[in-house]
Amino acid sequence: MLLLQLLINGVQAGALYALIAVGFSLIFGSTRIFHFAHGATFTIAAYVFYYVYSLLQLHWLAAVLAATVAAVAFGLAVNRLVYTPIQKHEGSFFTVFVASFGVGIIAQNVCGMLFGRAFVSVDTPLSRSVELLPDLYVSPLSGIAIVIALAFFAGLQAFLMRTHTGMALRALSDNPGLVRAYGLSPQRLSMAVFALGSLLVVPAAVLLAASSGLQPALGHHIMLISLAATIVGGVGSLRGAACAGLLLGLAENLALNWFEPQWSEAVTFIVLFLFILFRPAGFFGRTTVS
Amino acid sequence: MLAYLLNLATLICINAVLAITLNFIMGYAGIFSLAHAAFFGVGAYTAAYVAMHASASLFLAIPAAMLVTGLLSLVLALPALRVRGEYFVAASLGLQVLAVTVFSEWKSVTGGLGGTIGIPPADLFGHAVSDPVEFLLLALACLVPVILVTTVLLRSSFGRSLKAIRDSESAAHASGKNVAAIKTLSVVFSSSLAGIAGALYAFYMGFINVESFMLDTSVLLMAMVIIGGTGTLLGPLVGTVLLMALPGLFSYMSFLPQTEIGSIQQIAYGLAMVLLMIYRPGGIVGARSKGAA
Amino acid sequence: MSRITTMLKAALLACGLLGASAAGAADVTIGALFPMSGPNASYGDIFGSGANLAAEHANADKLLSGKLSIQYEDSQALPQAGLIGMNKLVNVQKVPYVLSAFTGVSKAISTISSRTRTVAVNGGGVGPDLAELGPYFWNVIPLANVEVRSIIPYLVKERGLKRFVLVYVDDPLGQAIRKEMETTLPGAGGELVQALSVPVTAQQFSGVAARVRSANPDVVYIASYGSQQSQIVKQFRDNGIKQQFASYTAFSIPEINALPEAKGSLYTSQRMDWNSQDPVTKRFVDDYRARHGKLPTAYIANYYNAVRLFALLAHDLESKGLPVTGENLLKQRVETKTFDMVGGKITIDENGTVSMPMQINEIDGQGGKVVSAAEAG
Numbered sequence: 247m248l249l250l251q252l253l254i255n256g257v258q259a260g261a262l263y264a265l266i267a268v269g270f271s272l273i274f275g276s277t278r279i280f281h282f283a284h285g286a287t288f289t290i291a292a293y294v295f296y297y298v299y300s301l302l303q304l305h306w307l308a309a310v311l312a313a314t315v316a317a318v319a320f321g322l323a324v325n326r327l328v329y330t331p332i333q334k335h336e337g338s339f340f341t342v343f344v345a346s347f348g349v350g351i352i353a354q355n356v357c358g359m360l361f362g363r364a365f366v367s368v369d370t371p372l373s374r375s376v377e378l379l380p381d382l383y384v385s386p387l388s389g390i391a392i393v394i395a396l397a398f399f400a401g402l403q404a405f406l407m408r409t410h411t412g413m414a415l416r417a418l419s420d421n422p423g424l425v426r427a428y429g430l431s432p433q434r435l436s437m438a439v440f441a442l443g444s445l446l447v448v449p450a451a452v453l454l455a456a457s458s459g460l461q462p463a464l465g466h467h468i469m470l471i472s473l474a475a476t477i478v479g480g481v482g483s484l485r486g487a488a489c490a491g492l493l494l495g496l497a498e499n500l501a502l503n504w505f506e507p508q509w510s511e512a513v514t515f516i517v518l519f520l521f522i523l524f525r526p527a528g529f530f531g532r533t534t535v536s
Numbered sequence: 005m006l007a008y009l010l011n012l013a014t015l016i017c018i019n020a021v022l023a024i025t026l027n028f029i030m031g032y033a034g035i036f037s038l039a040h041a042a043f044f045g046v047g048a049y050t051a052a053y054v055a056m057h058a059s060a061s062l063f064l065a066i067p068a069a070m071l072v073t074g075l076l077s078l079v080l081a082l083p084a085l086r087v088r089g090e091y092f093v094a095a096s097l098g099l100q101v102l103a104v105t106v107f108s109e110w111k112s113v114t115g116g117l118g119g120t121i122g123i124p125p126a127d128l129f130g131h132a133v134s135d136p137v138e139f140l141l142l143a144l145a146c147l148v149p150v151i152l153v154t155t156v157l158l159r160s161s162f163g164r165s166l167k168a169i170r171d172s173e174s175a176a177h178a179s180g181k182n183v184a185a186i187k188t189l190s191v192v193f194s195s196s197l198a199g200i201a202g203a204l205y206a207f208y209m210g211f212i213n214v215e216s217f218m219l220d221t222s223v224l225l226m227a228m229v230i231i232g233g234t235g236t237l238l239g240p241l242v243g244t245v246l247l248m249a250l251p252g253l254f255s256y257m258s259f260l261p262q263t264e265i266g267s268i269q270q271i272a273y274g275l276a277m278v279l280l281m282i283y284r285p286g287g288i289v290g291a292r293s294k295g296a297a
Numbered sequence: 324m325s326r327i328t329t330m331l332k333a334a335l336l337a338c339g340l341l342g343a344s345a346a347g348a349a350d351v352t353i354g355a356l357f358p359m360s361g362p363n364a365s366y367g368d369i370f371g372s373g374a375n376l377a378a379e380h381a382n383a384d385k386l387l388s389g390k391l392s393i394q395y396e397d398s399q400a401l402p403q404a405g406l407i408g409m410n411k412l413v414n415v416q417k418v419p420y421v422l423s424a425f426t427g428v429s430k431a432i433s434t435i436s437s438r439t440r441t442v443a444v445n446g447g448g449v450g451p452d453l454a455e456l457g458p459y460f461w462n463v464i465p466l467a468n469v470e471v472r473s474i475i476p477y478l479v480k481e482r483g484l485k486r487f488v489l490v491y492v493d494d495p496l497g498q499a500i501r502k503e504m505e506t507t508l509p510g511a512g513g514e515l516v517q518a519l520s521v522p523v524t525a526q527q528f529s530g531v532a533a534r535v536r537s538a539n540p541d542v543v544y545i546a547s548y549g550s551q552q553s554q555i556v557k558q559f560r561d562n563g564i565k566q567q568f569a570s571y572t573a574f575s576i577p578e579i580n581a582l583p584e585a586k587g588s589l590y591t592s593q594r595m596d597w598n599s600q601d602p603v604t605k606r607f608v609d610d611y612r613a614r615h616g617k618l619p620t621a622y623i624a625n626y627y628n629a630v631r632l633f634a635l636l637a638h639d640l641e642s643k644g645l646p647v648t649g650e651n652l653l654k655q656r657v658e659t660k661t662f663d664m665v666g667g668k669i670t671i672d673e674n675g676t677v678s679m680p681m682q683i684n685e686i687d688g689q690g691g692k693v694v695s696a697a698e699a700g
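So the protein sequences, as listed, match chains A, B and C. If you read the first sequence in our numbering, its first letter stands for residue 247, the second for the next number, and so on. If you read the second sequence in our numbering, its first letter stands for residue 5, the second for the next number, and so on. If you read the third sequence in our numbering, its first letter stands for residue 324, the second for the next number, and so on.
Isolated chain A (complex conformation) (with noise of 0.2 Å):
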């Protein structure tokens, strides 16, 4: 029983990695910015649904509204106030990183002096856990983030392939140059992205939030997995992103069972370490390797 539950929880960690991942994909494959800064993105909206939930006692829709608003700003606001002056005059990926990298900084360390380095919580009886078979604890909150998982892809796919704004974004990824000449314009179209991106890592936020707590240095984390899903999914692929990050939900947890907890860390790395090595191109990746 103990690997079926494992298993469960690994299902549960995977759908919000693969929310989160898929976001940062999006920008990544469409724009080729190395968005350092998603992982403030997820921090930020994580800490106002915590906010206005918890802080200002207001109702949960409420809340999530606040974190959507938080999250899309946020990213636009980076987009616009950051990467775009410095693509203009080089953006080069080195320099592009390391500012993404230094919002990230200064996100987490605004919402650690704003809300203090300790653990929170957001209280919810959704994270009691039922006993659905003997020895087999789910909570709804579970049942929920993986409902949830699973229409926002359904969404998102929709959106890509049905709307205009959509398949312009794809054609973005394959070729900007191409997207200008036909009279798009790439600045509208990242704007849209970012703001896309963002907004998947609500769910995953508010979810979390509910049923782990928060700290501020949860940014880099959440980092680490989607760049490992990114890319061992394969660069420009959504759908290997999104089973990336199933993945190495499931790897986390499974691994449990065999070895200690400090390790579930080093699994999704050591996973993530022998891929660029001996696959970089991912599950389905496309791009070559410069």
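Treat the hints loosely; a few may be bogus.
[As the list claims (entries may be wrong)] Facing chain A, a subset of chain B residues (Cβ under 7 Å, in silico):
1) Ala-60
2) Pro-83
3) Ile-230
Hints in this document: simulated from the structure, not taken from any laboratory. Glycine residues also receive a C-beta, built at the ideal position from the N, C-alpha and C atoms.
Once you've looked at the hints, dock chains B and C against the given chain A.
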């Protein structure tokens, strides 16, 4: 007060070695490694182990640290050979996280989270270097050769090959350079010198613990190199002095709440990184726009 | 700038200078390395409240010729940060006496403490290694081996709980408790079915909970601290662990006592009779209650005692005309041996540790109650 300044100066020397070696691979070879703190740690733990189990002689501890770190860096060199840019960053990040887990778990060698206490003072020709002034001289005696060797290497054809690889790997390859060997050599070189810094740190502190070798430290080192100016000879030194003096400066500003000083420091250098990248990517010492180094 | 502003500024400056000079010639500063930020900051507040009260009392009683004040440095409960703070206290402030907390931090600073002959006193950490950190490292709290040894007989014999699962934080404290359990349980008739370590920074315990459940214990002993232990308790209950929880003094913090999921948990702490009529204890309890509106806990009393110990020793040294240095403080302590502290007369052994009677508490959501007075370990 003098003790405090000596302490600061010694730590600046140790960090300068780290910053210079990181700049070597980041600024010149274009290899953005987030795993430098891991090599710092390996050097420190090796030196501590040797000092506590064999002999505290510097002539044993430092070469041992360099050897172990150099060998281990081959693990990092492997992905460096195959990928660049974001992939390499991810691989180095993975290595850093893995290293921290090993440091925390390999209790018989590293002492786990409790760290290694009671490291004996460094032994130089039978004389125990425990006086702070003497140690500072020792640290300087290690820093100066590192600066010299790095400078000489960078000015030589090896350095030119590195820059060629950074700017365009395929062109370098086409002109007959053994890209793989040069990259590997540069990683090994940079890491083994970082091992020296680790050994010095272990002897200086008398106590080492995994906290000093985590991702935060890698980030700080990266900040030093970037803010000072990558791809320049003076940049890492400037960056080191600035970022090491910052905490002291902040603690004198008594209007800042004591408990928040750590965060404020981090915000300060995060902000510096962002602003510099927007307006002056070459760092303080570097050129206005990159590519002129 | 108007004349009035200039005059005001001059006046302020003058007041500042006057204030500084009024500080007195024989003022003494001692140091304190507490977590003031980070996940364990609540301990810093708790420990500090006891220490501050003791300094106030010492000054009110004029135990020292000058004023006693405490310089706090933030250790964040991390060894490296603690070391930096210790360096500052010893090299810049030149304190003869430092209050320390947390096993890891204490171990880290012990080398400087010995080298510079600065006394370091621990009132919170309980790792048994703390008894072996040299003559300048003192403990006013009984160490973990005593705590574990006190609760095991009670749990096994009086509650009939034989199968133990230990969940411990993977640092010197946790490892020490594990070792203690492994040696003590078999002899007491119990069994350590499983020992699960968790990383210090871990906050997600559903996986660990699954493993605990599959081990099918009678009681789960939690050896952690700070907000992590609250998370463990909450998540374990959320994930279907219904068994009895047990722990050590770390469970005495208000955070855990207010947690509904912790109800019924048993933990050990020093036996402190808050209703005692002994003058030192009574004054401490009364003033603490007046100021903070609640009864103190053992941690608070320990750091009160640590500061009081300094005041008593320094008083003796001053009356002998000796300078208040670490060396002299050590000599004086060895000479005096027994001191009137909160909790009665406390004797400090040769190796700088104390042994005290322990008590077992149960969390009932209303401040806790004592269920057993265990014998001294």
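Comparing the hints with the structure gives:
1. Ala-60: violated (31 Å)
2. Pro-83: Holds, about 5 Å.
3. Ile-230: holds (6 Å)
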